[in-house]
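My request is simple: use the sequences and hints to build the entire structure.
Protein chains: 4
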Amino acid sequence: MIMEDNNLAEDKMEEECGIFGVYSKEVRDDIMGLGYYGLFALQHRGQESAGLTVSNMGVLETIKGMGLVSEVFTDKDLTENKGNALIGHVRYSTTGSSSLMNAQPLGGYFMLGQFAIAHNGNLVNTATLRRQLESESAVFQTTTDTELILNLLSRYSRNGIKSMIVNTMKTIKGSFALVMLIGDKLIGVRDPNGIRPLCLGKINGGTYVLASETCALDTVDAKFIRDIEPGEIVIIDSDGVDSIKYEKNSSKAPCSFEYIYFARPDTKIDGIDVYSVRHQTGKYLYRQNPIEADVVIGVPDSGIPAAIGYSEESKIPYGIGLVKNKYIGRTFISPSQELREKSVKVKLNAIKKVVEGKRVVVIDDSLVRGTTSKKLVKMLREAGAKEVHFRSASPVVKNECYFGIDIATKKELIGSKMSLEEIREKIDADSLDYLTLENLKLTLGGTNFCMGCFTGNYPITDMENKSLEDEDADL
Amino acid sequence: MIMEDNNLAEDKMEEECGIFGVYSKEVRDDIMGLGYYGLFALQHRGQESAGLTVSNMGVLETIKGMGLVSEVFTDKDLTENKGNALIGHVRYSTTGSSSLMNAQPLGGYFMLGQFAIAHNGNLVNTATLRRQLESESAVFQTTTDTELILNLLSRYSRNGIKSMIVNTMKTIKGSFALVMLIGDKLIGVRDPNGIRPLCLGKINGGTYVLASETCALDTVDAKFIRDIEPGEIVIIDSDGVDSIKYEKNSSKAPCSFEYIYFARPDTKIDGIDVYSVRHQTGKYLYRQNPIEADVVIGVPDSGIPAAIGYSEESKIPYGIGLVKNKYIGRTFISPSQELREKSVKVKLNAIKKVVEGKRVVVIDDSLVRGTTSKKLVKMLREAGAKEVHFRSASPVVKNECYFGIDIATKKELIGSKMSLEEIREKIDADSLDYLTLENLKLTLGGTNFCMGCFTGNYPITDMENKSLEDEDADL
Amino acid sequence: MIMEDNNLAEDKMEEECGIFGVYSKEVRDDIMGLGYYGLFALQHRGQESAGLTVSNMGVLETIKGMGLVSEVFTDKDLTENKGNALIGHVRYSTTGSSSLMNAQPLGGYFMLGQFAIAHNGNLVNTATLRRQLESESAVFQTTTDTELILNLLSRYSRNGIKSMIVNTMKTIKGSFALVMLIGDKLIGVRDPNGIRPLCLGKINGGTYVLASETCALDTVDAKFIRDIEPGEIVIIDSDGVDSIKYEKNSSKAPCSFEYIYFARPDTKIDGIDVYSVRHQTGKYLYRQNPIEADVVIGVPDSGIPAAIGYSEESKIPYGIGLVKNKYIGRTFISPSQELREKSVKVKLNAIKKVVEGKRVVVIDDSLVRGTTSKKLVKMLREAGAKEVHFRSASPVVKNECYFGIDIATKKELIGSKMSLEEIREKIDADSLDYLTLENLKLTLGGTNFCMGCFTGNYPITDMENKSLEDEDADL
Amino acid sequence: MIMEDNNLAEDKMEEECGIFGVYSKEVRDDIMGLGYYGLFALQHRGQESAGLTVSNMGVLETIKGMGLVSEVFTDKDLTENKGNALIGHVRYSTTGSSSLMNAQPLGGYFMLGQFAIAHNGNLVNTATLRRQLESESAVFQTTTDTELILNLLSRYSRNGIKSMIVNTMKTIKGSFALVMLIGDKLIGVRDPNGIRPLCLGKINGGTYVLASETCALDTVDAKFIRDIEPGEIVIIDSDGVDSIKYEKNSSKAPCSFEYIYFARPDTKIDGIDVYSVRHQTGKYLYRQNPIEADVVIGVPDSGIPAAIGYSEESKIPYGIGLVKNKYIGRTFISPSQELREKSVKVKLNAIKKVVEGKRVVVIDDSLVRGTTSKKLVKMLREAGAKEVHFRSASPVVKNECYFGIDIATKKELIGSKMSLEEIREKIDADSLDYLTLENLKLTLGGTNFCMGCFTGNYPITDMENKSLEDEDADL
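Residue numbers (the UniProt record's numbering), protein chains in the order written: chain A, 1 to 475; chain B, 1 to 475; chain C, 1 to 475; chain D, 1 to 475.
Hints listed in this document are in silico derivations from the structure and should not be mistaken for laboratory results.
Honestly, I wouldn't trust all of these hints.
Since the list can't tell identical chains apart, any single copy or any two copies may satisfy a pair.
The calculated BS3-like cross-link candidates involving lysine-lysine, where the alpha carbons are at most 30 Å apart (straight line), are [as the list claims (entries may be wrong)]:
no., residue 1, residue 2
1, Lys-252, Lys-173
2, Lys-410, Lys-25
3, Lys-82, Lys-248
4, Lys-162, Lys-398
5, Lys-185, Lys-426
6, Lys-353, Lys-326
7, Lys-326, Lys-202
8, Lys-386, Lys-185
9, Lys-375, Lys-324
10, Lys-378, Lys-170
11, Lys-223, Lys-375
12, Lys-202, Lys-375
13, Lys-352, Lys-202
14, Lys-326, Lys-378
15, Lys-324, Lys-352
16, Lys-353, Lys-315
17, Lys-202, Lys-324
18, Lys-223, Lys-426
Below, the structure written as C-alpha cells:
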C-alpha cells in the first residue's frame, strides 16, 4: 500500500548511494553539522537510510538509522559529537528486515584500531571474495559487499596502511567510490574506471572534504579542488593529501546516467557541468528531429533543463505544463487500487492554461519502463493538448546495470523488447523520439563513459553473473 | 535549532489552512482515500497538522494529528473508515503545547446530533463573541475562533439547519471559508467578501467535492462546477446542492496574495488562472522597466512563472539559475549559528554555468522582510554574476493582514519603513523593481480584490484590533 | 492478541480512576513532581491514561496521554511547568479511537476564567443532564460524564464559586470523587454517599494535598489530615481550607470493594486500614469453616494478606505457593490461541516445593468469573498438591455495579447463576467457600458500606438504567 | 534524571543475562511464541534488551531491540516467523550509544552457513583472545566477548561441528552458559565450573528446550529433564541430544548468588530449590542469633521467603510490613534531587498497622552498599516501629565478581570497609546480623559453589584483571 519515494520515477533507473567525508587537523565542534549538511545535499542519491561516523582522533562513533537525513539525526547527535574526521552515507531504498543492519557507514575494530567505510557502487566479484574470506575464518554479520572490504583491509593490514589499501583495492572488482576512516585518517578511493563519482574540496582554514557531488561541497562552503581520478587513492591526514595511483592501465568510464538523471543539476562531475549536459540534450533532440509545436514542457524535475534547451533551439515557447506535488515522500499511502490507478494526478498535475488547444512537446530525461509516460500523455490530452510529442533526453535503455543501479530485470525495460513505433503506440504519443547515442556522446563531449545500459558494452568484462544477495534470494 | 519548513520562504507571507469536503448519497468505502488525496493536494497551504472527519450517515469519526498528511494517517485509518460525507483540514504551523488541541476538524455533539467544522481564515470579532457566549454558559476547550462557530451553531439550532447556519454566518465577521458536517450533510460557506477561496466539483457518479483550490478537485478526478460565491452557503445532502445567499450587499474581495504566492500554479480561483497571473506579472515587470541582461532566472518555486513571462517579453533567455533542495522539511536541523548563517546554500544553490559572467535578472514572487533576497544576491554574485537585477512580482507589502495571513508585525515589513533605493542598497542588487499596483490590477483583470497588505484599505472596516490569541499572549 | 494488563485479574472487578490534587499559596517549582509521584502511587487504580493540569496562579496547562504515568510525562514536562495548584488523574483501560479525547483532567475556559476537573466514579443521570444542557445550547466534544460537570459549573457560574459548585453537585447523581482547579483554587468533592474515596493531607510548610488514597499522601511526604466527608466540598485557596456540607441527609456508603481489592494495602480509607481488613477476612474464613491442611497460600497480590490471617488463625503454615511475573504489562502479547490456553503460567507459576504432596488452602480476594480460579487449581494439582481448598476473601458477587466498576454484565458473574457446589465443581476444587456477608460486615466494623454487588441493594435508588456510553453503543 | 529499573535494588548485585533455546525436528508455527514466553519468564535476569533468532532449517532471522520483552516484539514478529529452532536472550542494563549493537543474539555468516549465539556470563581472557584473533585478520563490530566466540568458532570450523565447538570452549575462560544455533542445530554449553546455570527440558511431542532457569520451562509447559553439566556441550538436532564432556577435571562451582537473589523463587538450579534455600536462610538467621520481637517482615521481593522462614523458626508472627509499587519501571523519572531524596516511598511504603508500636525484624536478601537499608530503617521508624532489627539473608559481600555480576568497585561494598557495628550504626538499626558463611553452606547443602564475592576465593585463578570494555574505558 505504501508507494515508494521515487514512485513518480517508476520510469527511472535508481541510484544506490551518496558518500561524504571531512578531515581536519584539529577537532571541530561542528563536524557533525558539516556531515549533516553534506549528506543533506546528497539526499537525492538515497532516501532509505543515513549515517555518520565521526573520528575523535581515532575513536570512532557511528550514528545511523532508517529514513531521511532530517529524520535520522537529532539535534543532540549533531551538537554533542565532536571530532577531526568524519564519513557519511545515504542509501537508496531496499527492502527486508535486515535494513538497519545494512545501513552505512559500516565500522569495526581490527589490528590497527577502529575503522569505518561508506560505499557507493557495486562489486562484481563478491561471491568469490566471500568464499575465500570465509575459508580464512572470517565471520560476516551482513550480506553487503561493504563488509567484504572491511575484512580485506584487515587481511592486508600487516604492512602498513598504504599497502593495506592498495592491496584491497586491487582485489575488489566493480564500481566503487569509497570514503573510509582508519583511525584519525580520511581515505577516498575511486574504482579503476571511475564509474561512480568522487571529488575533493577544501573549506577555508584547511578542512578537506570528499563528496559524491560538488553540490555537497557548496553546501558546506568548500571550494572544489579536483575530482578523484579513476584508480586513485587519497589518504588525508595531518601531513595533507597523499595520492596513490593503484591502477594505471584502466580506461576512464564514468557512468553517463549520472549526467542524465542521478546527479543534481548544480553539480559538475569530471569537469562536465550536469545542467549544461541536460540543456544540450534538448537542443540536440530538436535538431535531430525538428517538428512544429506551440509549447515545450519538461517532466519535473530532471526533464526541465532539456525542455529549456529544446525551446531555445526551436524557438517554440517554453512553459510549465506539469506541476509536481513536492510533499510526495517515502510514506505516501495509496489507499486503494482504484484510487491508485486514477491518481498519477496526486503527484503530477497539468496546467491547463499552458497546454489547452496546443501542440505540446514534452521532454523527460529517460523512458525506462514506459508506465509513467503513458499516464503523462493521457493527462496532457485530458488537459486539452491537441498533439503530444514525447521526447526522451537519453537513448533507449536496453540493458541491465551491474554497477549499482537498480533496474530490476532486462524484461522490464520497454526499450529492450519494443520498437520505437510500438512504444509510441503504447504510450499513445503523436510522435516519439529518443536522443541518439551519437548525440549523447556529443553532449558529453567524448566516448569515455560507461554507456552499458544503452549499448551492452561495459568497462568491466569478467563480472560474476549475480550479486551475492541475488544468490541468497535464489535459495 | 529547528528551522521552519518554509524557512526558505522567510521573505514570504504565510497561509493558514486548506479545507476539503466530500458528499455522496451512498456510503463510499474509499471516502477516506478521497479525503487523503484532497488534503495532499492542499498540503502547501498548511504543514503543521492534518485531520479528516468522516460521517457514516450521521455518526462522525475524526482522525487528526501533528505533521504532514502523509505522516498523520495510517493505512488502517484510510481503509477501515467508511462513510457518505467527509471534511478535511490542513493547518499552517503555529507553536505551543496546545497544538493538537487546535488541530482541525473540530467536532462535537449538540442538540441535532454530531457536527464538525474545518475553517480557513480568521474572524475579527472573536473577543466580543467569546464574551457573549461565555455569559450564556458556554464552555470552551480551545482558544480557536472555530470553536466559537460550533457554539454559535448550537445557539441558533432551534429553528432548523438553514436558520442555524444563516444566523451563525451573519454573526461572525472576518475571512472564512468553511466546510462543515452536520449529521450526514456537507455544508460549505464563504465569507461575504469571499476573501478565502472555496470551489465546488463533482466526481463521475454524483459525489460532490468542496475544496480550497481546484488542484484538489483534479487529484480526485472531480470536474470543476463553480466557485462558491462570496456570502453563499451551500448545503449538500440527498436532495442535491441547495444554495443560500445570506449576504447580498457585500463587495467581492478575494485575497490577491492567493494568486501571487499561496495557491498552486495549477489552480484557478474565481475564474482566474493562477499560473497565467504569475506569468503575466513577469511580462508587466519587463514592460514597466525594460533593462538589458543576459539571463532571466526565477526563485523557486513561485518566482519561476514570472521569470518565464519576463523572458518571453524581453527576449532575454530564461535559465534555471537556482536549485532548491526538495528534501527541506519541517524537521530540518540547523546545528549551529555559524553553519546556519553560511548555509542558505543548504536550501538553494546557484548553477554557476547559468549565471557566470552574466547580467542576471532574478525574479521572486514578493519581498516581505528582505533577508533572503540579500542572501540570494550574494549567492549569485559568488557564482559569478556580473550584475544582479532583482524584481518582485508583486507590489510593496506595507501593511499587516487581519484575514488569516501570518505577517508578524508591521515593523518587520521592509516595505513599510524603507524606500526603494534603501531596499536595493540593503539587498545589494544592481537594480530593484516591484510590480506596480496598477499592473497587478491589470494582471488580475480588475479591482475587486483584497489588496490590504499593499494599500492599507481592507474590505472589512470594523475589525477588533487583535485576535483572542494575541490577547492571551499579552497577559 | 494483546492481553489486558490485569489479565491475571480476569476474575476481578476493575476500577475506573485515581485522582490527586495539590494546593500551595506560592508557586512551587516542583509541583509537577509532586503530581507525578502522587499519580504514580495511584497507578494501580488506572493504567490507560494519565494527566496533570497545573495552575500557575490561574493560568492552566494540561499534559496528558495514553499509557502509564512513567510513559506519559517527560522529564521536561515535570521540570518546566511551575504552579501553585495542580490536579491529576489516572484512568482505567477502555477501548476505542476516542481514548485520548476521554483522558483527564478535562479543562476549559468559561466566564470565570480557566478550570479543569478530574473525576473518579460514574454519574447515573447523564442522559437527562445531557439532553437538558444541549437544549440550552451546550456543545460537547466527548461522551464523558465529566464534560457534563464542566458545563453545569458554567451554567451555575453567575452567583460566585460556592453557589456554582453547590448547585452543580446537587444536580448530578451517582458516585463521584472530584478534584477541580477553578482559576488558582483547588476544590475537592465527594458524593453524598461517599462511594469513592478522597482524603486530605498536608506537606510540611503548608501545601495541601487531596488524593484517592492515603498511600499517595505518603509518597509526597504529606501528613494525613482527614477523609473528605460524604456530601462535602472543600475549597482550598490562600484563605486555607473551607468546607461546605452540600448534602446533609444522605447515608454514608463507601464502596466495600475498595477494601477487598482496589485500594493499596498501605492505604487507610474512612479510618479503616485496608491491610487489616484483608488480614481479618482470612481469620474469619478459617473460623467460619475450619479445615485441616498442610499449607496456606495466597493468590498475589491481594489474596496474600488474607492467607497470612488464615495461617495465624488456623496455625497452618503460610507459604509462597504462587509467584507472579512482575513484568506482565499492558502490551503483553499472546501469540496464539493454543499458547494462550496453556499459559496462565506466563503470569503465575506454582512453587512445587511449597505445595508438593500437601493439602493446600489457596485464598483469592474474590471470584468474579471463575476462569482464572479453575486454571489456578489445575496448576496447583500439576505441581503436586494433594488437595486444593479454594477460599474467596469476599462474598459471592451477584450483581452489577453502577458506580464506576467495570463488570461487563450480570450473566458473566459466576455467582449470579451457579450454586456454591456448581462453582466448586467447575473450578475443580476439593472444597470452596466464600466469606459470608455477615463476616464481611464484621471485618469492616459496620454496615455503612455499599455492598450492592453482593446484595443488590444500592445507596442510590433512582439510577437511569444505563450510562450514556452504553446507550451510544446500542445505536 | 532517569532512575534505573532496579533502583529499589541499589543495594543489590546485578545479573547480566538470561538465555533460552528451542529445538524441534519439524518447523513450528509457534516457535517465536515459545521463545517470547521463555524470555518473558527470564525477564528478571535482564531488562535492557531482548532478542530472538529463529532458524528455519538453517536460514536464520534475528529480531532484537532495546527494552522489555513485551516492548521489543510485535504481534507480527511472533506470528510471521516460523522455524525449527530458536535462541533468545535478555540483557541487563548497560549504558552507551552502542547498546543496540551489543544486544544479543549475535549472529553471522561463516564457512558452514549461518550461526548465532546468546551468552550469559563473562569471559576473563578476552584481551588475549582479541589480540590473537585480530592478528589473524578478524574484524570486530562490537566490544562484546560474545563476538570473540563467533570468531573462534569460525577459526575452528575446518574439522566439523563437534571439533569446532570443543576447541572453542577449551579456548575461552570465564563463566559462560551459551545457547547457539549453527544452521538448524541447537547447541547448549556450560562452562567448566558451571558458574552460570543452564537446564534442559522437553515439551510433549519431542521439542527440546534449554533455559537459564526451570521457571522458563514451566512457562512453555516443558518438563524438566536435567541440568547441563559443568564442562558439557549438548548438540540437539534431528538425531536427538548428543552430549560431549569437553572438560572433565574442573570442579563444580555454580554461583551462590543465583540462589540468594538472581533466580526466581520457583526455579530449581542443579537440583536445589531456590525458594527452599531462601526459606532456610531465614531459619538459620534466627538460630544463629535469636532475639525477641513482635513481627518479622521481608523486603520485597527476595527477602520475603527468608522472613517467612524466620517467622516459622522463631514463632514471631510474619507480616507484610513493606509494599512495593509494582509499576516502577525503566523509565521512571525522578523530577528533582529533593523529591528523589525524600521519596524512597515512591517505590516502597510501610504498612503502619503492621509495624506501629512493634519490635520489628526486617530481612533483606543481602546488603551490598547499605544506602537503601538506611532508608528502610528510617521508614519503619517513621511508621512507628519501636525497634528495628536488620538481617541480611546472605554473608557480608566483600569482593568483586568477575563472572558477569555488576558490582561497580570494591570500594562501594560497604562490607569491604566497615565492621558489623559500623554498618549497624550507619543504617541506624537496633541490631544487625548477616547469615554466616557456614550457615550459607548448610542451606546450600555443600561447598561446591562460587562464593568469591564473600570469600575472595574464585574457581578460576588466572583471570586477566579487567574486561576489554574496562580497558577501552581507560583509553
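Does the structure break any of the earlier hints, and which numbers would those be?
2, 3, 4, 5, 8, 10
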